[in-house]
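Engineer: From first to last, the protein sequence lines are chains A and B.
Anchor point for the first sequence: position 103 equals 103 in my numbering, and the numbering is continuous, going up by one each time.
Anchor point for the second sequence: position 31 equals 31 in my numbering, and the numbering is continuous, going up by one each time.
These are calculated hints, taken from the structure and not from any lab test.
Check each hint, because a few of them may be wrong.
No distinction is drawn between identical chains; accordingly, a pair holds when it is met within one copy or between any pair of copies.
[Stated by the list, open to error] Here are the simulated BS3-like pairs of lysine-lysine, each with C-alpha atoms no more than 25 Å apart in a straight line:
1. K18 x K135
2. K234 x K138
3. K207 x K23
4. K250 x K2
Since the model is a prediction, treat every value here as computed from it, not as a measurement.
Number of protein chains: 2
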Amino acid sequence: MKQTLSIIKIGGNVIESKEELSKFLTLFANLKGLKILVHGGGKLATQLAKKLGIEAKMIDGRRITDAENLEVITMTYAGLTNKNIVVQLQANNCNAIGMSGADGNAILAHKRPVTEVDYGFAGDVDTVNSELISKLIKADLIPVFCAMTHDGKGQLLNTNADTIAAELAVGMSEHYKTTLYYCFEKKGVLMDIKNEDSVVQYINKEKYEELRKDGVIADGMLPKLDNCFYALNKSVSKVCIGHSTMLTSKDELFTTITL
Amino acid sequence: MKQTLSIIKIGGNVIESKEELSKFLTLFANLKGLKILVHGGGKLATQLAKKLGIEAKMIDGRRITDAENLEVITMTYAGLTNKNIVVQLQANNCNAIGMSGADGNAILAHKRPVTEVDYGFAGDVDTVNSELISKLIKADLIPVFCAMTHDGKGQLLNTNADTIAAELAVGMSEHYKTTLYYCFEKKGVLMDIKNEDSVVQYINKEKYEELRKDGVIADGMLPKLDNCFYALNKSVSKVCIGHSTMLTSKDELFTTITL
Numbered sequence: 001m002k003q004t005l006s007i008i009k010i011g012g013n014v015i016e017s018k019e020e021l022s023k024f025l026t027l028f029a030n031l032k033g034l035k036i037l038v039h040g041g042g043k044l045a046t047q048l049a050k051k052l053g054i055e056a057k058m059i060d061g062r063r064i065t066d067a068e069n070l071e072v073i074t075m076t077y078a079g080l081t082n083k084n085i086v087v088q089l090q091a092n093n094c095n096a097i098g099m100s101g102a103d104g105n106a107i108l109a110h111k112r113p114v115t116e117v118d119y120g121f122a123g124d125v126d127t128v129n130s131e132l133i134s135k136l137i138k139a140d141l142i143p144v145f146c147a148m149t150h151d152g153k154g155q156l157l158n159t160n161a162d163t164i165a166a167e168l169a170v171g172m173s174e175h176y177k178t179t180l181y182y183c184f185e186k187k188g189v190l191m192d193i194k195n196e197d198s199v200v201q202y203i204n205k206e207k208y209e210e211l212r213k214d215g216v217i218a219d220g221m222l223p224k225l226d227n228c229f230y231a232l233n234k235s236v237s238k239v240c241i242g243h244s245t246m247l248t249s250k251d252e253l254f255t256t257i258t259l
Numbered sequence: 001m002k003q004t005l006s007i008i009k010i011g012g013n014v015i016e017s018k019e020e021l022s023k024f025l026t027l028f029a030n031l032k033g034l035k036i037l038v039h040g041g042g043k044l045a046t047q048l049a050k051k052l053g054i055e056a057k058m059i060d061g062r063r064i065t066d067a068e069n070l071e072v073i074t075m076t077y078a079g080l081t082n083k084n085i086v087v088q089l090q091a092n093n094c095n096a097i098g099m100s101g102a103d104g105n106a107i108l109a110h111k112r113p114v115t116e117v118d119y120g121f122a123g124d125v126d127t128v129n130s131e132l133i134s135k136l137i138k139a140d141l142i143p144v145f146c147a148m149t150h151d152g153k154g155q156l157l158n159t160n161a162d163t164i165a166a167e168l169a170v171g172m173s174e175h176y177k178t179t180l181y182y183c184f185e186k187k188g189v190l191m192d193i194k195n196e197d198s199v200v201q202y203i204n205k206e207k208y209e210e211l212r213k214d215g216v217i218a219d220g221m222l223p224k225l226d227n228c229f230y231a232l233n234k235s236v237s238k239v240c241i242g243h244s245t246m247l248t249s250k251d252e253l254f255t256t257i258t259l
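Please work from the sequences and hints to get the whole structure.
Structural biologist: Following this line, the structure appears as structure tokens:
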């Protein structure tokens, strides 16, 4: 039987609060079993770009990664944020190793083709090097991924952290029984955005269509849910969305996504 | 018999020139045998600090790493420079993995004690995790170290790249026959600083004392040579100083240090 592997993604809001991040990392360090952490970038990159007088480029609300912004992302995601997380996990006796998709050729991607929009150095994932990541896990290391990939030809690429988490979960399901956890500031998918306790406990495809039609699931939650179903369709065992406290407390309310 | 492992350190001047770096990385990628790369930081950190209005603090010509400068160093050394090197090595079919001393708890250090001078977050190395690094090497990975360590209590530290290279060579000599190469812009230790071809081919302890007395070896070369003898005294097999081209061409002139 395959061993269980948890892929946990934390978002920008956790990273931006020193206190929240520290709380989460203690919780993550104490989580039993094999695990991988994926972190988003948060506002640090935007703040650094602003300080350096580099313009944040957006088209239709989507970020455009030009060469200057890619440098800023590399400094903050792979540098400051990743090492800050690794050093804190080490202090919690969790043998973390910071990774970008370029390290060990872990995640190979290609630059998104230019259609109406040129997203710049945005990468769409091609393959996850599950052999390499398995070797690291077998060496008792806990991989900590930032949201960067590479094209194998010398180009770093910016890839959405939710997507990286889903692709890692899919890629690793070859060797492990993988569970994907999307941690964010809410307790899960909410029926009523104003009521923190109105968590939808189970969502399957039919329910998703229904909630979508009713406008309960909209905006930023749509690509997140699409990532969930993508992962489930590609043999990931379980996907959960909720607050990071769902990782340890059994009574905690969160959303479980099934096919 | 122990396998041979080459520890190669490149300095800031190679990193600062896109062309020189690219040339070196092709050469490094093609180097036969087991290997580890250690890179310095170059002027990128100073330039970024300047752009951000962060003052570079120096006492007696030595850099003081305060909290702001440590952030800048983390962004440039562990972020931009390290990933830039890794992604280029990957394009050269060299399975590089970027590392700081915090990753995998690879290099444990302590904050330099405050005496007359407070160097800030400067780290003096305590232990190299040779078991972990051996595991990475056995997994066919090529570790690429930036000049950062950690204290195991959640603090990143800035450590001189020459020192990191020497400590890695010493630490790894438990498992491998290690050779340490310091690559820089000259062909080796020069008898006459104005004559690029006046390379001293062999330096032992007596010769070192002599060259030091005569003022041939001075300034920045002194700590470099001290690192060389430290490594040789701690069972490193061979130490060479010279231009990076010494790595491949057998006819190339460079300096070999012996006890």
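Engineer: Between K250 and K2, at a C-alpha cutoff of 25 Å, which is it: within one copy, between copies, both, or neither?
Structural biologist: within (23 Å within a copy, 51 Å between copies)
Engineer: Regarding K234 and K138, is the shortest C-alpha distance of 25 Å or less found within a copy, between copies, in both, or in neither?
Structural biologist: within (23 Å within a copy, 31 Å between copies)
Engineer: When no copy is specified for K207 and K23, does a C-alpha distance of 25 Å or less occur within a copy, between copies, both, or neither?
Structural biologist: neither (33 Å within a copy, 57 Å between copies)
Engineer: Could you place K18 and K135 in one of the four classes (within, between, both, neither) given a Cα distance threshold of 25 Å?
Structural biologist: This pair counts as neither: shortest intra-copy Cα distance 32 Å, inter-copy 33 Å.
Violated hints, listed in ascending order, are 1 and 3; each of the other numbered hints is respected by the structure.
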